[in-house]
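A.B. asks: Spelled out, the chains give:
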Amino acid sequence: GAVVSQHPSWVICKSGTSVKIECRSLDFQATTMFWYRQFPKQSLMLMATSNEGSKATYEQGVEKDKFLINHASLTLSTLTVTSAHPEDSSFYICSYNPVETQYFGPGTRLLVL
Amino acid sequence: EDQVTQSPEALRLQEGESSSLNCSYTVSGLRGLFWYRQDPGKGPEFLFTLYSAGEEKEKERLKATLTKKESFLHITAPKPEDSATYLCAVRGGGADGLTFGKGTHLIIQP
Chain A
1 GAVVSQHPSW VICKSGTSVK IECRSLDFQA TTMFWYRQFP KQSLMLMATS
51 NEGSKATYEQ GVEKDKFLIN HASLTLSTLT VTSAHPEDSS FYICSYNPVE
101 TQYFGPGTRL LVL
Chain B
1001 EDQVTQSPEA LRLQEGESSS LNCSYTVSGL RGLFWYRQDP GKGPEFLFTL
1051 YSAGEEKEKE RLKATLTKKE SFLHITAPKP EDSATYLCAV RGGGADGLTF
1101 GKGTHLIIQP
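Note that the protein sequences, when read in sequence, are chains A and B. Per the working numbering, the first sequence starts with residue 1, numbered consecutively. Per the working numbering, the second sequence starts with residue 1001, numbered consecutively.
Same shape as in the complex, but just chain A (with noise of 0.2 Å):
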């Protein structure tokens, strides 16, 4: 199946910081890719959707200023939390779909504190 990376694979971070994540198709030109949230217990949910040099699409309920994504090649997504607290706390991950199948990427923790 299709490559993705992730990294960092975990990060730990003090309240009011910015982190980045970085989602590298390894494999493949992804045009497109897609940013999922996962608290504990609870399902995955889309957060926005990154499109290679165009504004990513994102969806209800999620900040757009705080969530910042970026598709700068098509090898490559980046989403950095800006001013971070702890309900931030969650589990992220990267998603690309070659041929209509929807790989994931190995998922970033990140832990405000």
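Among these hints, one or two may not hold up.
[Claimed, not checked] The following label-pair restraints were derived from C-beta to C-beta distances:
id, chain 1, residue 1, chain 2, residue 2, range
1, A, G53, B, E1015, 42 to 52 Å
2, B, A1010, A, S9, 19 to 29 Å
3, A, S9, B, E1060, 46 to 56 Å
4, B, E1015, A, S83, 18 to 28 Å
5, B, H1074, A, N70, 34 to 44 Å
6, A, F39, B, I1107, 16 to 26 Å
Honestly, the hints are just simulated from the structure, not real lab data. Please read all numbers here as calculations on a predicted model, not as lab measurements. For each residue, glycine too, the CB sits at the ideal point set by N, CA and C.
Given the structure of chain A, go ahead and fit chain B onto it with the hints provided.
C.D. replies: Chain B only, in chain A's frame:
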């Protein structure tokens, strides 16, 4: 709004004891129903995509089926390594992202 409901929330089986997991869905214009396996602290691992009622797919001890309202993931003679959370998701006509259920936490005891 697309919705996915999975049952049961948790299931404990003995090794070799076959069972089925349920995924009920409502979606406007189904463009795929997906099954994933998720291990603790990891991203979902793709298992199957089903597109139309009556379709079936198999992989080792797993078999997925689809009707117009629900999908089943059948597990035949499971082994302890099949223990994981199994997630169901749909892609509707409105967008390319997926709507997930909460998953079924499956434990296979030796």
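A.B. asks: Next step is simple, just say for each hint if it's right about the structure.
C.D. replies: Status of each hint after checking the structure:
1. Taken as a hint, the range 42 to 52 Å holds for the pair A:G53 and B:E1015, whose Cβ atoms sit roughly 51 Å apart.
2. A C-beta distance of roughly 27 Å is found between B:A1010 and A:S9, which places it inside the suggested range of 19 to 29 Å.
3. The supplied range of 46 to 56 Å is broken by A:S9 and B:E1060, whose beta-carbon atoms lie about 28 Å from each other.
4. Our hint of 18 to 28 Å for B:E1015 and A:S83 is violated, since their Cβ atoms are close to 49 Å apart.
5. The supplied range of 34 to 44 Å is met by B:H1074 and A:N70, whose beta-carbon atoms lie about 42 Å from each other.
6. Checked against the hint of 16 to 26 Å, the pair A:F39 and B:I1107 passes, with Cβ atoms roughly 22 Å apart.
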